[in-house]
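*Asks:* Protein chains in written order, with the numbering used here: chain A, 1 to 339; chain B, 1 to 236.
Don't read these hints as lab results, they were simulated from the structure. Treat the hints with care, since some could be wrong.
Unchecked claim - In silico DSSO-like pairs for lysine-lysine, Cα to Cα no more than 30 angstroms straight-line:
hint, chain 1, residue 1, chain 2, residue 2
1, A, K281, A, K224
2, A, K321, B, K49
3, B, K19, B, K49
4, B, K163, A, K75
5, A, K75, B, K49
6, A, K23, A, K260
7, B, K19, A, K41
8, A, K155, A, K260
9, B, K227, A, K171
Stated by the list, open to error - DEER-style ranges, computed between Cβ atoms:
hint, chain 1, residue 1, chain 2, residue 2, range
10, B, E169, A, S337, 50 to 58 angstroms
11, A, E334, B, N28, 33 to 41 angstroms
12, B, P89, A, P48, 30 to 38 angstroms
13, A, N24, B, G230, 34 to 42 angstroms
14, B, L167, A, W203, 37 to 45 angstroms
As the list claims (entries may be wrong) - Sample of chain A residues at the chain B side, in silico, Cβ under 8 angstroms:
hint, residue
15, F43
16, V47
17, T60
18, I96
19, K100
20, F102
Bear in mind that the values here come from a model prediction, so they are computed numbers and not experimental data. Ideal Cβ positions, reconstructed from N, Cα and C, are used throughout, including at glycine.
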Amino acid sequence: MKKDQYILGIETSCDETAASVVKNGKEIVSNIVASQIQSQKRFGGVVPEIASRHHVEKITIVIEEALKEAKLQPKDLDAVAVTEGPGLVGALLIGINAAKAFAFANGLPIVGVHHIAGHIYANELVQSMEFPLLALIVSGGHTELVVMETHGSFKLIGETRDDAAGEAYDKVARVLGLPYPGGPEIDRLATESDGEIEFPRAWLEAGSYDFSFSGLKSAVINYKHNVEQRGESIEPAHVAAGFQASVVDVLTSKTLKAAKEFGVKQVIAAGGVAANGQLRKSLEDVFENEGIPFYVPPISLCTDNAAMIAAAGTSMFNAGKRGTLAMNGNPGMELKSWH
Amino acid sequence: MIWLGIDTANKPLSIAIVKDGELLIEVNHSLAVNHSLGAMPAIEEIFAKAGLAPSMVDVIAVSEGPGSYTGVRIGVTIAKTLAWTLDKPLIGVSSLQALATNTFFFEGLICPLIDARRSNVYAGVYRYQDGMLTSVIEDAHYAIDELLSLLSQQKQPILFVGKDTALHEEELVKRLGKNAVIAPFHHHLPRASSLIYSAQQFDILSDVHTFVPSYRRIAEAEANWLKAQGKDQQRG
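Take the sequences, apply the hints, and build the full model.
*Replies:* And the structure:
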């Protein structure tokens, strides 16, 4: 019988300090996340220096919790997987240096994982991947379409040229005077809204799978100014509904078009914005019509977590990838295939 | 008794192993090498050269700052992770006190100094007394003028230590005259062996998990937020 494989994942690329143990790359044994959202809320967004300070406070606590909950000792582990990039460099460095010190002290190999590969592999914890596969990654820092021919093979076919989708949500939420983080608030308002302001869709040039959300954000700001100049006030729910309709329409249409062009067998969504109710529903509907299986992980695996890093790390580890004790934070890291 | 010392609080790197009161090995440099690239390989190297396994360490000492925020955090993260996973005690030492320990036998005041940009410094004043280094003026973030005013009241020789002294040497000499004594260059780098020597007079921390850097300065965003809340700004 093949021995079970246990990998410790560590993730500190933004404002969640997270550690997790994953068995055989598929089964979550523990998944600990310490969120800084209450602290970062004061600033209306993530302040990198504050994020780094919180990570140092929490890092050994979350790793200990992850091992305790898994009822494992360091010697039971096969490797340590850590987010190497992209992300906030000062934040990444805490997870990376904790991972290296832990690996050195316990004689374990280390693997540096790309954060987006992690988001994609969050699906492997719920549903086995079928290839070719199309992944839509939407979060506060990323908006990307990636085609995978097999495990560890990534082809970036489209990405945002300016703001990430989640960034646009946060900025528009600020314009509407909604609390941080803006995504869930806009989703809630939009879902309850009884009207909708029409905003433009940024399709870009024909055939492009790239995205752009800064024009939409400006359109919302201009609309608010125009209304206020007339001495009237905006209806936030109608603006939220119109903004969200534009984002969901573009994301859904481009994902559908790519799925058809690349003849994929499975479509997955990942990242914090994939937790958005209307986006999930829209994607579910179009892919049900097309007869292409569509999956999105539960919300706890859409937002940043370390189980996804352990899952991607397991695939990398089994493909022979190893990091060294000289691993550095790589804030602009490119998504490279390991297959 | 085997001690591991780690200092990455500023640009220089220093890692040392002291065994039974003897410095076995120390790595020091002030090259422009990112600590995330250099620190763990240096730790691995000194263990290998000393023929020791990580689990053989008895106590870990780390420079807790002040200094470069990122630098301090790298050393503290490595030290607390090692201490926690190896189940060993951890001792944090002020980066300024560790520098002052480099010039232990000076019969006067010792002022370790680290540049904090925009005419600010991290500094403290120490005195060697009855075989112990004692604090005379608390470690803090000072405007250089503020520090010089405090120092000029002392009216006695003050030894400046730390490589950033060079950035402020002209002003120090102008304000303090002959009482400003600048340490020779070989005392200016932080040394993990000095840090370990210093750590030996401190108590062991009861909880490794809650150990955090001593930044001596609140983050800018937090300072602004507190100001907006109408609260007093405190020295962190």
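*Asks:* Determine for every hint whether it applies to the structure shown.
*Replies:* Evaluated hints:
1. A:K281 to A:K224: With Cα atoms ~28 angstroms apart, A:K281 and A:K224 stay inside 30 angstroms; holds.
2. A:K321 to B:K49: Holds. A:K321 to B:K49 sits at ~27 angstroms (cutoff 30 angstroms).
3. B:K19 to B:K49: 14 angstroms, holds
4. B:K163 to A:K75: Judged against 30 angstroms, a Cα distance of about 43 angstroms means the pair is violated.
5. A:K75 to B:K49: 24 angstroms, holds
6. A:K23 to A:K260: This hinted pair is violated, its Cα atoms lying about 34 angstroms apart.
7. B:K19 to A:K41: Distance of about 48 angstroms is beyond 30 angstroms: violated.
8. A:K155 to A:K260: 16 angstroms, holds
9. B:K227 to A:K171: 24 angstroms, holds
10. B:E169 to A:S337: 50 to 58 angstroms: 54 angstroms, holds
11. A:E334 to B:N28: 33 to 41 angstroms: 35 angstroms, holds
12. B:P89 to A:P48: 30 to 38 angstroms: 32 angstroms, holds
13. A:N24 to B:G230: 34 to 42 angstroms: Taking Cβ atoms as reference, A:N24 and B:G230 lie about 55 angstroms apart, which means the hint is violated.
14. B:L167 to A:W203: 37 to 45 angstroms: For A:W203 against B:L167, whose Cβ atoms are near 55 angstroms apart, the range 37 to 45 angstroms is violated.
15. F43: Given a least distance of 5 angstroms, the restraint on A:F43 holds.
16. V47: 4 angstroms, holds
17. T60: Status holds, d = 4 angstroms.
18. I96: Result: holds, 6 angstroms to nearest chain B Cβ.
19. K100: 5 angstroms, holds
20. F102: Given a least distance of 5 angstroms, the restraint on A:F102 holds.
Going through the hint list in order, the structure does not satisfy hints 4, 6, 7, 13 and 14.
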